[in-house]
Amino acid sequence: MITVIEKGRRIFSEPDARSVIEELITHIPAENELSIRLGSWWGAGQRWARNRASLTSDQRDITLIISRPLSHRKQYPLSILATTNQIDSASLKGIGNHINVYFDKWKEKVPPDRILDVPSDIGEGTKVWSDATFDRSILENAEVVEQLTRQSESDNLMSSGFIGSTGSSAMHFYRDEWGRTDWKWGLVTQAECSVTVRDRNGNGSGWMGKTSFDINRVNIPELAAQALERCKLSLNPVRIEPGRYQVILEPQATAVFTELLMGAMSRGTPERAGGGILFLGDDRSIQRYKSKLGLKIIDERLNIFHEPSDPFFGSHVESLRRRIDLIKNGILTGMFDDYGSQLNEIADMYPAFYSTSYRMSGGSTSIEDMISSAKRAVLVARITQPEIVDPGSMLYTGVTRDGLWLIENGAITKSVRNFRWTESPLFVMNNVEEVGIEEQVFEPNGSRNPMNYGFSNSLNNVVVPPLKINDFSFTSTIDAV
Amino acid sequence: MTFTRRNLLKHSAIALPGSMLLNKGMSFDDLKEAFPLATGIDKAKLIATAIDSAIRAGASYADARLTRNESFTINSFSPNPKQTMALGVRALYQGYWGFASSPLCSEEEANRIGESAVVQAKVNVLGRERQTELAPLEISNGEWETPVKDNPFNIAYEELTDFFAGFSSYASTLKFIKQFNQWYEFSRSYKDFGNSDGQNNSQILYWSSGNVAFKVEDKSIKRESWGKVEEISIAGKGFEYFRDRPIRQYLRNAHEEALNDLSLPMKPIDPGRYVVQIDQGGIANVLQKSIGKATEVDRVFGFEANTGGTSYITDPHTMLNTLKIGSNSVNVWCDRSEIGSAGCVRWDDEGVHPERYDLVKDGILVNLQTNREGASWVKDHYQNTQQDLRSFGTANSPSAMDVQITHPSDLYLMPSDTSITRDNLRESIDDGIEIRIPDISFDFQQITGWSRGGKSYEIKKGKREAILANAGMLFRTPELWNNIISIGGTPSVEYFGLLSRKGQPEQTIASGVKVPPCIVKEMTVIDNTRKA
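These protein sequence lines map, in sequence, to chains A and B.
Under this note's numbering, the residues of the first sequence are numbered 1 to 481, in order.
Under this note's numbering, the residues of the second sequence are numbered 482 to 1013, in order.
In short, the hints are calculated from the structure, not lab data.
We put the CB at the ideal spot given by N, CA and C, even for glycine.
You may find that some hints are simply not true.
[Claimed, not checked] A few chain B residues facing chain A, derived, Cβ under 7 Å:
1. F580
2. P584
3. Y731
4. T795
5. S922
6. I928
7. R933
8. T1010
[To be verified] Coverage of chain A stretches by chain B, computed from C-beta distances (three or more under 8 Å per stretch; other residues unrestricted):
9. 49-58
10. 83-91
11. 155-168
12. 190-197
13. 242-252
Just chain A, same shape as in the assembly (with noise of 0.2 Å):
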């Protein structure tokens, strides 16, 4: 039995989880369908502010979630659940015996509406590792902040940022109601960047970040060099008129849109979850959504897809053996199911899956040849706090951050002051001008829960292009720089 992480094992390995959930499994009655989710978590952060590092840490955590059904009805799924990070033997005696007892209440109560063969909510084992993440030195971090936070010092300006390196590993055991199991293993590592620097007198602001799963794709000095490029060039920025305008949507300002478009693909049924701009109206004869599968809904020039073998999202990917294309030429062509369908002629045709990292093909098109090509743009390096004004036409309010600049007859003239937009996703893909080429964002895992991508499902590996888009709308200035 486990009781200590032993010293220098910041998680769990395969044996070690397999042997806390055999042990909890004998506190189950074995005729009942069970599910046990463990997680373990390691994450090290370095932290600064005013061009000195705030803070280093090193913090470790497990999750162990077990959960026995009591109905998978389709509307109303029903489960009897326990969460704890203690796994000593006495701690996963009692966390199985309170299940136990609260099952045994409800199990005669509950309607007998059992579906056959519902697929069970497991995903596959994972691994999306590097191990330069996970051996990451906290000296390296820091040398890394100490050298350009003495660039921005030496500058005159103020540099904050973070760099993180995550690991984790996870471990699901199913059992069905016929005692037929099913184990996948999960390992994932994290890395990510983020820089800000700012002005002495907040007077302009630079910003650039990267995600991977390996930090020898985050390049640390190149980003804090952009970044403190960016503040300079932002300096002083003057107000120009709101109004429509030609954009330049960085790939970190693009990847917000693709976000939210990415965001209303759950299919959902008429009475859970789902439904908006992407479907025509409930079903109920099939308990779906009547969707836009098979229609075009942006620029034909426009892909999203999830292929397995995408070097920016690991080189062991083994939860999607098979390339998912979501939209394909502008038309839908897939989406998200968060709830296991039993329609399987309609999953074969129209392959549902949740994942969260994808990539949107880009062009050949440079971020210099489209400023080059532009008479009046504006270039948007960031966008941040997108909130939802109108459901029914998916329209957006958000604000611009850390650098937008007025270009005018092929060349940046000026920065210029912060906007509030208001736009919808699909009016933005509906106006695309010229596509540029691909790269990584900044996607940081937004979870330190380990079932949240212990599994692949959710790893936010997002690659997308900068894009020329027509007649973008900002609708008023806002004060902060």
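Starting from the known structure of chain A, arrange chain B on it as the hints suggest.
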């Protein structure tokens, strides 16, 4: 679908447990066997071990926290209990901070993370000095527990579910109810703290939270509206937060308003400048974001620049005691010691006993929200205002797994010295707009704000005449607070528990905001769905 109590129960998230009430119930604390470690740890020894380990490794200062967070929900068959433990050590070495945390609560692990925190700090000593001064701490050891009347962890789960299922039943009797959703959670945190200065404290904090919302539909006119029980959010209270309050009355009031909405005509908003009444929920959000967040000392000094943002307080040394944030009637203070508020503690996460202090007095910025390190950054301000250099007790974190940072204190906006209610305020408007339950957003320096959603009403001669579709406010922080022409009186003050996020990695905590409604002149009102 015909609306019947049966159907309502079917569609209400917690209806089934109530309708299948068990004969014998178990409370969370009856589950001790499920979480045996909760009672088997020598907490003081673990904390002392961790601090000693850090000091032995060379730390000039160290603190250790041990937390046990427990929660259960009332939205399904079982309480879905959750218990997590964490031990976290923060160490200071030559001005640099290091932090280490773990879920494993053993002496061996306490030793390891104590030493590790110092190792983390040491790597940053690469030739350049970092000056870190901690404001003095008045040692005040002891134990404390949120004074709750009804400890939800000692009440049978089935009793709780039955109580809340009663609201579903009641909702089913209300006219035109189409959808009724409710959700509740009870949580408790055992927080033990010690530091190398000799502070040792132990406290148990409780929170009760919930959300109740519904839709109404009049099929004869094909109109829908919605309502929300605003009186329920998150508070530092026990089950009495629900049991001792007239929830059904709140629900009736919200339902009545929603029905009234159905009878009002819908109009498009004509963008322009208006006299606008903002309800308590809207003011609470505006206050927390425009003054609460903006005065967090780490934001002001750029420590959040790479994530949530900075502040319009760009030069605190000059702006403190001179910056006119609002009109003379705007007075804002912080108080983490008020019992029942979501941020209420006896000690913050640095062992500081928080007391009430002013943030904005007669419209002027007079303090920042400080922790021990941040207080030293504005040492001159403390001297100039004849205050002892001290932390205001803002250090907080969701658990010892995360390092403690400055989070917003519980905020209070002084009401007017009148008995004016929200309805009275509306009645005083001859021609204007009333905004209810809006979502409020700000830019990353808390200077430009805007609202979305909620309900907007055209007000003529003190009465709601129409619903204005897609109306939203657009404002700058100082203009909003300087343009306030009327503030509700003491009877109009309402409490809200709000969540806020900051840090990298991100942390989320809850704090309380208590405010009256306000009327603002010359507010820019826009059509949120109109593009440029």
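Inset, instruction - Could you tell me which of the numbered hints above are not met by this structure, giving the numbers in increasing order? - result: 3
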